[in-house]
Each structure stands twice: as C-alpha cells, then as structure tokens.
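Peer 1: One-letter residues, chain by chain:
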Amino acid sequence: MTDDHRSGISLRVNGVTHRLTVDNRTTLLDALREDLGRTGPKKGCDHGQCGACTVLLDGRRVVSCLTLAVAAEGAEVTTIEGVEHPLQAAFVAHDGFQCGFCTSGQICSAVGMLAEHAAGWPSAVTADVSPDTPPPTLDAAEVRERLSGNLCRCGAYPAIVRAVIEVAG
Amino acid sequence: MKEFAYRRATDLRDALIAGSTGARYLGGGTNLVDLMKSGVEAPDRLVDVRWLPLAGIRETPDGGLLIGATTTNSDLAAHPGVRRRYPALSQAVLAGASGQLRNMATVGGNLLQRTRCGYFADPSYACNKRLPGSGCPAIAGQHHNHAVLGWSPHCAATHPSDMAVALVAFDAIVRYETLDGGGEIPLEEFYPPVGDTPQRETALPPGALITAVVLPGSAVSPRSRYRKVRERASYAFATVSVAVGLDGDGGSARIALGGVASRPWRARTAESSLLAGPPTADGFRAAADAELSAARPLPGNGYKVTLARNLIVAVLEEVHA
Chain X
6 MTDDHRSGIS
16 LRVNGVTHRL
26 TVDNRTTLLD
36 ALREDLGRTG
46 PKKGCDHGQC
56 GACTVLLDGR
66 RVVSCLTLAV
76 AAEGAEVTTI
86 EGVEHPLQAA
96 FVAHDGFQCG
106 FCTSGQICSA
116 VGMLAEHAAG
126 WPSAVTADVS
136 PDTPPPTLDA
146 AEVRERLSGN
156 LCRCGAYPAI
166 VRAVIEVAG
Chain F
-13 MKEFAYRRAT
-3 DLRDALIAGS
7 TGARYLGGGT
17 NLVDLMKSGV
27 EAPDRLVDVR
37 WLPLAGIRET
47 PDGGLLIGAT
57 TTNSDLAAHP
67 GVRRRYPALS
77 QAVLAGASGQ
87 LRNMATVGGN
97 LLQRTRCGYF
107 ADPSYACNKR
117 LPGSGCPAIA
127 GQHHNHAVLG
137 WSPHCAATHP
147 SDMAVALVAF
157 DAIVRYETLD
167 GGGEIPLEEF
177 YPPVGDTPQR
187 ETALPPGALI
197 TAVVLPGSAV
207 SPRSRYRKVR
217 ERASYAFATV
227 SVAVGLDGDG
237 GSARIALGGV
247 ASRPWRARTA
257 ESSLLAGPPT
267 ADGFRAAADA
277 ELSAARPLPG
287 NGYKVTLARN
297 LIVAVLEEVH
307 A
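Protein sequences, first through last, are from chains X and F. Per the working numbering: the first sequence = residues 6 to 174. Per the working numbering: the second sequence = residues -13 to 307.
A portion of the hints provided could be inaccurate.
As the list claims (entries may be wrong) - Calculated cross-link-like contacts (lysine to aspartate or glutamate; reagent style DMTMM-like; alpha-carbon spacing at most 25 Å): (1) F:23 x X:78; (2) F:23 x F:187; (3) F:23 x X:133; (4) F:23 x X:51; (5) F:-12 x X:133; (6) F:23 x X:9; (7) X:48 x F:-11; (8) X:48 x F:304; (9) F:-12 x X:39; (10) F:-12 x X:40.
Claimed, not checked - Facing chain F, from chain X, some residues (calculated, C-beta under 10 Å): (11) 59; (12) 155; (13) 158; (14) 171.
To be verified - Some chain F residues well away from chain X (every beta-carbon gap over 12 Å; in silico): (15) -9; (16) -6; (17) 17; (18) 30; (19) 34; (20) 178; (21) 192; (22) 218; (23) 299.
No lab work stands behind these hints, which were simulated from the structure alone. Positions of the beta carbon are idealized from the N, C-alpha and C atoms, including for glycine.
So here's chain X without its partners, still in its complex pose (with noise of 0.2 Å):
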C-alpha cells in the first residue's frame, strides 16, 4: 500500500474527536468498530440491505457499511452510543427485540425517522404528498414503510413497530 492509499483523517464520533489514519478503503463502519471500539453499529450484511449498521450523519440515517471513513470527515457520526432518546426505554417496554442484534441500527434509524417525519416528510404510503396537506400520522403503516430498510431476522417487527408508534404519538 503506498500513501496515496491511506488518508489521515478527524473523525467526530458522538462529540468527540478522533484522529486516525485509515486504508482508504475503510468503511465508517469498520472504523467505528475496529479502529474506535464503537461496537454499537453492527455488521450484519455489509451491503447496506439489512440496517443494522445505521447511524446518524449531521442528523440523518445512514448505512455507515456503505460511508467511506474517508467520505465521512467532517461529519458529527452519531452511534448507538451516543443517543439518548425514549425509543430506548419504549423498545425495552414493548419488548422490541429478540436476540437484538438489529437493535442499535433500529433504533438509530427510528431516531432519524423521527426527525424526518417531524419536518414533514411524506413517505411511499403516504396517500398525499403534496406539502399543503398535513404530514400523515404515524401509523403501523407509515412506521413500517419508513423503517423498511431495517431488518430483523427474529421477528420482532409488531413488537418494534408498537415501541416506535408509542413514541411518536
């Protein structure tokens, strides 16, 4: 590997700042995980089609399996570890998890659904998406749909959706 292969780069994970040099080839994800022992966000498929690595850039729901470390300086990269949110407390009341494996990257993308829905936001099963009706209420349906690209391979999808449905009434 020669230098053009590696990048030294500031990540700011959770308000704080690390500094790192990374093959350039590292995913967020990998070095979230291996490089800053945040082991919150979790490899599931490593194609972006499982959720289970989601975390927060500058606010918003990502696939840090998919985000170069690289590509993600400058961020602020929120993680599992980070967030402080009544989906925590309502997950563990509704039971939303099995084996929870899923579980930080649910939670991490309902976190970001939230505030997408706040700012009004439709969605696919959103009857109306013009932005002079009033953003449609959160739903089993809509829930389901803004949350599809998280998966939970033990089922806990009612359980799950009921945690966020209560959180967001």
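Fit chain F to the supplied structure of chain X, relying on the hints for placement.
Peer 2: This is chain F only, laid out in the frame that chain X set:
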C-alpha cells in the same frame, strides 16, 4: 476491494481534471462502494464530488426546476416544489431503496447506478456488461426480473432506477460538464439502445460529470402518479412500475415504464394512441396494448407484459379520476 486513492474535489475544474484522467466520481457511494466490495468496480482513484456546490433545487425562468446533481434523493422527494408540481417524482424516489440509502444517494448517482442483474453483480459469471463478449447467462438462465422491451441477445438487464422513470415522463434533461465545455442530453436519449454494446450505458462523453437535472416547466399538470409493483411491500426493486402525468391542459398523458427495459421506457406509442380518442377505459387498454405489442418476453418473464398493461390502465384511470 482493490486499493484506491481518494480525495475531495476542491472545485468543478479540479473534479473534471481528475475525471478526465480516469478517476471515478464518488457521490453517495450506495451503489459504487457496494460494487467495489464485490470487485465488479475497481477504480484506482475516487474523487468525491459531494463537496462541490452542486446540491439544491431552484426554480427556472420557465417555471420548471433545476435539481443539482448532488442533491440527495431524500431532499428531492421532500422538496415542496417537487411534491406540489411533480408528485410522481416524489413518489418514485420514495418508492426506491430505504430511508438510509435515500439520505446518502445523489440524483446524479441515481442516474448512473448499475443494473441489479444477479449475473452482472457476480464476477464469477460471464456478463457482456462487465466483460464485453463473454456472454449473457441471464437469457438462458434466471431472468424472471429482466427486460421485456428493447433488450438484445447480448443483454436483457433492466435499469433499476425509480426516479428516472418519473423524470423521463416529465421530459427531464441531464446537464453535464467536461473540460471541453458542457452540454445537455434529454433523459429519453441518455441511455443508448442495448444493441451489441451493453457495456455502453450512457451517452455522456468520457470524463463528464453530471451537474444537474432540469425539469421543464411547460405544460405540466400536478396530476401525476407513480405506482410500483415489487415482490415485497417495501425496499425492493420494481418488477414493473409506471409513471403517468397529464399535460397542463389535461388533454394528453405522459407515460413511462420501469423494470421492463435497459432504460426508463417512455411509452410514446401509448401516448399517441391516447390522443386518438377520449380518456375511457377502452382507450386506456388500447393504448397499453399498442405499447406492449413490441414486447418480447423471455420464457420466464411473460408476466411482466400483463402486469405492465394492467398498471398502465389502472394508473391512467387514477390520474383521470
């Protein structure tokens, strides 16, 4: 993944110099980085263009919209002007991918994303897109989600974008820059016919960077609709999708199909057929049949022809209701 050099473009010219000497442009990376992991893509250099001032949507003098190339899919779908005047575009974007991916993916990158054909995605198979002349295993193999229109014996892959289907219905124009100057290509002519060059996927000159997509404002009615059929309720590529928009006077319709061809398929034959008579169910069926008379389904995907026909009729009824 092969090693690569990375840097952020400091300005447009800097990006174009890199692009003209073989660097690949990196937008959201949702498709490119994934394909680099599997070895389908193996660039030596990436130049990150998301830091160029190309994001944002603004009104054009003719009442249309100019959508900057690095605008994210999320911001496009949420934009009030898009939702009010081009609702099918918002619906199409929202029908694609997941919330996380839409927050990452850019409009320019969406147009340049590669097919999701399983043989293309797996370097252990032959593929005329990946390795021209090596053959197309899909035509004699698993092709239930492949093309029924416009394919050739060299490739039957479909274009995966939802967004592009709505854009082509609205006569969108792709604007690009090169070191030798800029240009515009109507989206309808952006993806060349498959022919015997399936590896040639766009009409962009070498090293070109998409800078914007322009939606003409003339004669567009807010009565438009995107409807997508897929194998699960969410987060899957289209088996067939359709975008329908009525022109400003409500008299003529624009129709485009997704999931059926190597490009978003503007259904000009159906549109012409509709002009011949009043907007009735019989007329809608005749228009859909006229368009799909050109379909050549493979042994495993004939269902798409029926599906496309029924979708065209259903969505025409919806926008005329």
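Peer 1: Now tell me, hint by hint, if it's right for this structure.
Peer 2: Verification of the supplied hints:
no.: 1; hint: F:23 x X:78; verdict: holds, 21 Å
no.: 2; hint: F:23 x F:187; verdict: holds, 21 Å
no.: 3; hint: F:23 x X:133; verdict: violated, 38 Å
no.: 4; hint: F:23 x X:51; verdict: holds, 9 Å
no.: 5; hint: F:-12 x X:133; verdict: violated, 45 Å
no.: 6; hint: F:23 x X:9; verdict: holds, 19 Å
no.: 7; hint: X:48 x F:-11; verdict: holds, 21 Å
no.: 8; hint: X:48 x F:304; verdict: violated, 43 Å
no.: 9; hint: F:-12 x X:39; verdict: holds, 20 Å
no.: 10; hint: F:-12 x X:40; verdict: holds, 21 Å
no.: 11; hint: 59; verdict: holds, 6 Å
no.: 12; hint: 155; verdict: holds, 8 Å
no.: 13; hint: 158; verdict: violated, 15 Å
no.: 14; hint: 171; verdict: violated, 20 Å
no.: 15; hint: -9; verdict: violated, 4 Å
no.: 16; hint: -6; verdict: violated, 8 Å
no.: 17; hint: 17; verdict: violated, 9 Å
no.: 18; hint: 30; verdict: violated, 9 Å
no.: 19; hint: 34; verdict: violated, 6 Å
no.: 20; hint: 178; verdict: holds, 28 Å
no.: 21; hint: 192; verdict: holds, 23 Å
no.: 22; hint: 218; verdict: violated, 9 Å
no.: 23; hint: 299; verdict: holds, 21 Å
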